[in-house]
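Engineer: Protein chains in written order, with the numbering used here: chain A, 92 to 731; chain B, 231 to 376.
Quick caveat, the hints were computed from the structure, so don't treat them as lab data. Among the hints, a few may not be true.
[To be verified] Some residues of chain A that are not near chain B, with every Cβ distance over 10 Å (derived):
#, residue
1, 459
2, 610
3, 690
[Unchecked claim] Calculated lysine to aspartate or glutamate pairs in the DMTMM-like style (CA-CA distance at most 25 Å, straight line):
#, chain 1, residue 1, chain 2, residue 2
4, A, 303, A, 330
5, A, 141, A, 330
6, B, 335, A, 330
7, A, 720, A, 524
8, B, 298, A, 339
9, B, 335, A, 201
10, A, 454, B, 328
11, A, 167, A, 229
12, B, 350, A, 452
Every value quoted in this text rests on a predicted model; they were computed, and no experiment measured them. Virtual Cβ for every residue (Gly too), placed ideally from N, Cα, C.
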Amino acid sequence: MTTVLGRGHHRAALSLAWWFCFFVLPICSAGSAIGQAPTDDLWAQAQENKLAQSAAWRALLHFPKDSARSLIDDPKFFLAPNGQSDAQAELRAAIDAFSAPPNTKTPSDDAAQCRFIARYRWLLQNLPLAKTRFASADCPELQALRARLKPDSVTLVFPDGHLNSPASMFGHTLLRIDQPNAQPLLGYAVNYAALTNESNGFAFAYNGLTGKYKGYYSLLPYPEKLREYRFTEQRDIWEYRLTFTPQESERLLEHSWELRNIFSYYYFFDKNCSYKLLAMIEAVRPQLNLLSAPGVAVIPTDTIRALKEGGLIAQHVYRPSHVSVLNRMQAAQTSEELQAVQNIADLKFDKKLLSLPPETDRKRLVYDTAAEYLQYQLSHSDISLEAFRPRYLEVLTARSQLGGSSVDWKQAPPEPTTSHASHRLSLGYVSQDGANALTLRMRPAYHGLEDRPQGFLSGSAISFVDAGVRVDESKQHVRLDSLQLLQIDSLAARSTLVRPLSWRLSLGIQPRRPLVYDDRYRAVLDGGAGTTYTLGSLNTQQLMFYGLAQARVASASDKSPHLSLGMRLGAQWLPSAQWGVTLMTEAWQPLRSKEEREALVQLDLAWYAATDRALHLSIKAAPGMAGIKPEVGLRHNWFY
Amino acid sequence: MKKIIAIAALAALSSGAFAQNANIGCGLGTQVMAGKDSLVMQVLGATTNGTSGNQTFGISTGTLGCKKPVNIVSAEMQQFVAGNMDALAQDIAQGRGEALETLSKLMDVAAVDRAAFGAKLQANFANIYAAAAVDSSTVIDKIAAL
Numbered sequence: 092m093t094t095v096l097g098r099g100h101h102r103a104a105l106s107l108a109w110w111f112c113f114f115v116l117p118i119c120s121a122g123s124a125i126g127q128a129p130t131d132d133l134w135a136q137a138q139e140n141k142l143a144q145s146a147a148w149r150a151l152l153h154f155p156k157d158s159a160r161s162l163i164d165d166p167k168f169f170l171a172p173n174g175q176s177d178a179q180a181e182l183r184a185a186i187d188a189f190s191a192p193p194n195t196k197t198p199s200d201d202a203a204q205c206r207f208i209a210r211y212r213w214l215l216q217n218l219p220l221a222k223t224r225f226a227s228a229d230c231p232e233l234q235a236l237r238a239r240l241k242p243d244s245v246t247l248v249f250p251d252g253h254l255n256s257p258a259s260m261f262g263h264t265l266l267r268i269d270q271p272n273a274q275p276l277l278g279y280a281v282n283y284a285a286l287t288n289e290s291n292g293f294a295f296a297y298n299g300l301t302g303k304y305k306g307y308y309s310l311l312p313y314p315e316k317l318r319e320y321r322f323t324e325q326r327d328i329w330e331y332r333l334t335f336t337p338q339e340s341e342r343l344l345e346h347s348w349e350l351r352n353i354f355s356y357y358y359f360f361d362k363n364c365s366y367k368l369l370a371m372i373e374a375v376r377p378q379l380n381l382l383s384a385p386g387v388a389v390i391p392t393d394t395i396r397a398l399k400e401g402g403l404i405a406q407h408v409y410r411p412s413h414v415s416v417l418n419r420m421q422a423a424q425t426s427e428e429l430q431a432v433q434n435i436a437d438l439k440f441d442k443k444l445l446s447l448p449p450e451t452d453r454k455r456l457v458y459d460t461a462a463e464y465l466q467y468q469l470s471h472s473d474i475s476l477e478a479f480r481p482r483y484l485e486v487l488t489a490r491s492q493l494g495g496s497s498v499d500w501k502q503a504p505p506e507p508t509t510s511h512a513s514h515r516l517s518l519g520y521v522s523q524d525g526a527n528a529l530t531l532r533m534r535p536a537y538h539g540l541e542d543r544p545q546g547f548l549s550g551s552a553i554s555f556v557d558a559g560v561r562v563d564e565s566k567q568h569v570r571l572d573s574l575q576l577l578q579i580d581s582l583a584a585r586s587t588l589v590r591p592l593s594w595r596l597s598l599g600i601q602p603r604r605p606l607v608y609d610d611r612y613r614a615v616l617d618g619g620a621g622t623t624y625t626l627g628s629l630n631t632q633q634l635m636f637y638g639l640a641q642a643r644v645a646s647a648s649d650k651s652p653h654l655s656l657g658m659r660l661g662a663q664w665l666p667s668a669q670w671g672v673t674l675m676t677e678a679w680q681p682l683r684s685k686e687e688r689e690a691l692v693q694l695d696l697a698w699y700a701a702t703d704r705a706l707h708l709s710i711k712a713a714p715g716m717a718g719i720k721p722e723v724g725l726r727h728n729w730f731y
Numbered sequence: 231m232k233k234i235i236a237i238a239a240l241a242a243l244s245s246g247a248f249a250q251n252a253n254i255g256c257g258l259g260t261q262v263m264a265g266k267d268s269l270v271m272q273v274l275g276a277t278t279n280g281t282s283g284n285q286t287f288g289i290s291t292g293t294l295g296c297k298k299p300v301n302i303v304s305a306e307m308q309q310f311v312a313g314n315m316d317a318l319a320q321d322i323a324q325g326r327g328e329a330l331e332t333l334s335k336l337m338d339v340a341a342v343d344r345a346a347f348g349a350k351l352q353a354n355f356a357n358i359y360a361a362a363a364v365d366s367s368t369v370i371d372k373i374a375a376l
């Protein structure tokens with residue numbers, strides 16, 4: 092579907108380009124044509140040096156290796172009418188345009204030498220004749236931008252998963268341009284995003300998946316992006332400093348400038364933020380060849396892994412969200428202290444009510460927690476701005492009288508790329524009532540609750556297209572085990588101050604009766620909401636348990652769909668980094684009388700032998716269901 | 231995979247207003263955009279990214295409407311203080327932190343003097359942030375007067 096629609100867009104883009112060619116370009120180039128010297132010799136030199144075929148030129152135009160078409164859909168990005176599909180024609184047009192002096196009387200950033208500054212500069216360096224023959228131009232706006240940003244290094248920014256939205260685990264990526272020895276807060280973010288004000292969820296999904304939105308690159312102060320991710324969405328942020336030299340950092344700024352107000356159609360799953368940022372990085376380091384590597388560009392953690400392997404990442408920095416800091420502070424406090432935090436945040440400064448701890452360092456912690464708590468409440472709309480301001484000020488004023496502290500609440504958890512890889516292959520052997528079968532499962536993305544949790548947001552899981560077959564040992568019969576199209580778990584732990592809802596959702600095809608493999612199937616959509624608690628530190632999360640009220644629609648081929656209500660209770664124990672025990676129990680009461688009541692218990696014991704390998708022993712049973720025997724299985728999972 | 235998301239969205243049958251990139255104010259608490267999205271939009275927005283409807287490309291955004299401080303300071307400093315009001319107030323109250331460190335760099339405070347600078351600001355917190363309606367120009371002027 093993508094391809095068909097994609098072509099449609101390209102056709103639309105082409106017809107626009109024609110319009111541009113016939114009506115717009117002649118007007119622009121009329122002035123410059125008069126004083127223009129013939130450029131045949133420059134062109135001959137460019138051909139001799141094979142510039143049009145070079146990786147660097149193609150990367151500047153966002154042509155992936157071996158692709159005949161640029162990733163940029165906007166005809167304004169090209170000087171030649173057919174530049175989008177012809178890197179050679181674009182080179183010829185660029186040589187002509189750069190050789191002509193700017194036709195404006197006052198310096199203007201509209202001159203080709205400014206608008207396509209990265210191409211201009213690259214040709215100056217790689218086409219010997221260009222040095223004497225290209226016209227120069229002043230670019231006032233670009234100069235101002237360069238002076239303000241003082242590009243010296245570049246950092247890849249990855250906002251991690253969102254507390255109550257496992258789907259956000261796929262994350263987002265953006266780039267930050269930093270000044271020499273500068274603070275990140277003075278940096279500027281280069282972000283690629285779809286432009287839309289759509290408010291209807293369904294229309295948004297459909298349009299986004301089929302490339303109906305235009306994506307634009309934007310440049311804005313980094314604190315504004317921090318606000319979006321750290322405050323509004325409460326996502327932890329990982330910053331990876333790239334090994335770009337100051338010169339390469341300047342190239343990145345100039346290339347961003349070329350992409351100002353230039354659109355491409357945005358496809359959520361392939362031509363997304365991650366992919367388009369790789370195109371930017373490749374324009375600066377053309378030898379990387381990341382765009383054509385399959386699968387690398389879609390999921391941000393895979394992108395970061397690829398950049399790491401390519402030697403592009405120098406170091407990383409962790410920037411926790413307010414909720415992460417709040418959770419750590421909470422874990423270090425007594426319930427009386429947390430009560431004091433709440434009282435302070437509510438401005439109940441009455442001495443009797445307050446009962447502050449006597450030690451100064453404990454008092455500090457109470458006030459620091461209250462300040463984080465107020466910001467969290469504001470970001471969640473739990474309090475209004477009018478309520479926030481005086482409280483925040485009161486809390487900080489009291490805090491300012493208590494001196495300094497050296498406790499660090501920003502210690503980093505395991506870094507996201509230390510997690511298992513995204514694709515999973517699973518080979519197993521199951522035994523049920525004396526009959527044995529081999530099982531084979533595949534899942535292209537991303538993470539299940541029973542998988543090794545390191546590097547993921549705890550309690551969050553999302554799986555796309557988890558499909559399995561089983562081969563009966565005796566009958567040599569191959570059949571579908573199950574096909575889970577989508578499964579999301581968001582088991583977000585509740586604490587005194589942070590009380591998120593836990594929920595789950597799944598959609599797929601499974602045997603009509605649980606654990607009965609007789610080639611009869613049903614389609615099932617189910618979901619639930621409830622509460623999760625943890626024991627032990629919230630960050631290591633040693634023991635977690637949850638309860639959800641659930642609803643389900645199931646449909647088999649020979650029956651009309653029916654609705655059931657149920658409960659799910661589960662627990663997870665992670666005694667060490669190598670071991671995990673996951674228990675899930677659920678019961679369903681059908682709302683139609685002739686349907687069967689169901690119950691299911693699953694226990695999974697996992698040994699995480701290595702980052703990308705795990706051995707699972709699982710027991711499944713359907714207690715109380717007539718004729719269903721428990722199943723025991725052993726399987727090996729590979730992640731790649 | 232593309233169809234799945236569409237089905238998931240359909241299944242939840244919900245829509246909601248998408249958070250607009252509200253203008254950043256100059257006072258405390260105005261840098262936070264409240265998330266009012268529906269669950270579906272949250273899930274989809276976070277999955278698919280970049281839907282804020284913002285194609286800004288510029289040196290300064292959002293803080294242009296802030297009052298200018300009396301003291302002459304760089305545009306960069308004005309923008310920094312206006313854009314980081316909550317974090318800076320918190321750092322000054324604690325006498326440490328990234329926003330405070332950035333401020334001392336912007337004010338050319340030598341590395342050896344930074345701890346003392348932080349302590350001085352902390353001691354004067356109540357003076358710098360005298361009222362809940364304090365804005366970025368007042369903060370700059372009060373700090374400059376210290």
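Engineer: So, for every hint listed, does it hold in this structure?
Structural biologist: How the hints compare with the structure:
With a least beta-carbon separation of about 7 Å from chain B, residue 459 (chain A) fails to lie farther than 10 Å from that chain, contradicting its non-interface assignment. At roughly 24 Å from the closest C-beta of chain B, the C-beta of residue 610 (chain A) stays outside 10 Å, upholding its exclusion from the interface. Even its closest Cβ contact with chain B, about 25 Å, leaves residue 690 (chain A) beyond 10 Å, as expected for a residue assigned away from the interface. Taken as a hint, the residue 303 (chain A) and residue 330 (chain A) pair is broken in the structure, with Cα atoms around 31 Å apart against an allowance of 25 Å.
Distance restraint check for residue 141 (chain A) and residue 330 (chain A): the Cα-Cα separation of roughly 38 Å exceeds the 25 Å cut-off, and the hinted pair is therefore not satisfied. At most 25 Å may separate the alpha-carbon atoms for a hinted pair to count; residue 335 (chain B) and residue 330 (chain A) meet this at roughly 21 Å. For the proposed pair residue 720 (chain A) and residue 524 (chain A), the alpha carbon gap of about 6 Å is at most 25 Å, so the pair holds. Between the alpha carbons of residue 298 (chain B) and residue 339 (chain A) the distance comes to roughly 35 Å, so the proposed pair goes past 25 Å and is violated.
With a C-alpha separation of about 35 Å, the suggested pairing of residue 335 (chain B) with residue 201 (chain A) is violated against the 25 Å cut-off. Distance restraint check for residue 454 (chain A) and residue 328 (chain B): the Cα-Cα separation of roughly 22 Å lies within the 25 Å cut-off, and the hinted pair is therefore satisfied. Using a Cα cut-off of 25 Å, the hinted pair residue 167 (chain A) and residue 229 (chain A) holds, with the two alpha carbons roughly 21 Å apart. At most 25 Å may separate the alpha-carbon atoms for a hinted pair to count; residue 350 (chain B) and residue 452 (chain A) meet this at roughly 20 Å.
Of the numbered hints stated above, those contradicted by the structure are hints 1, 4, 5, 8, 9, listed in ascending order.
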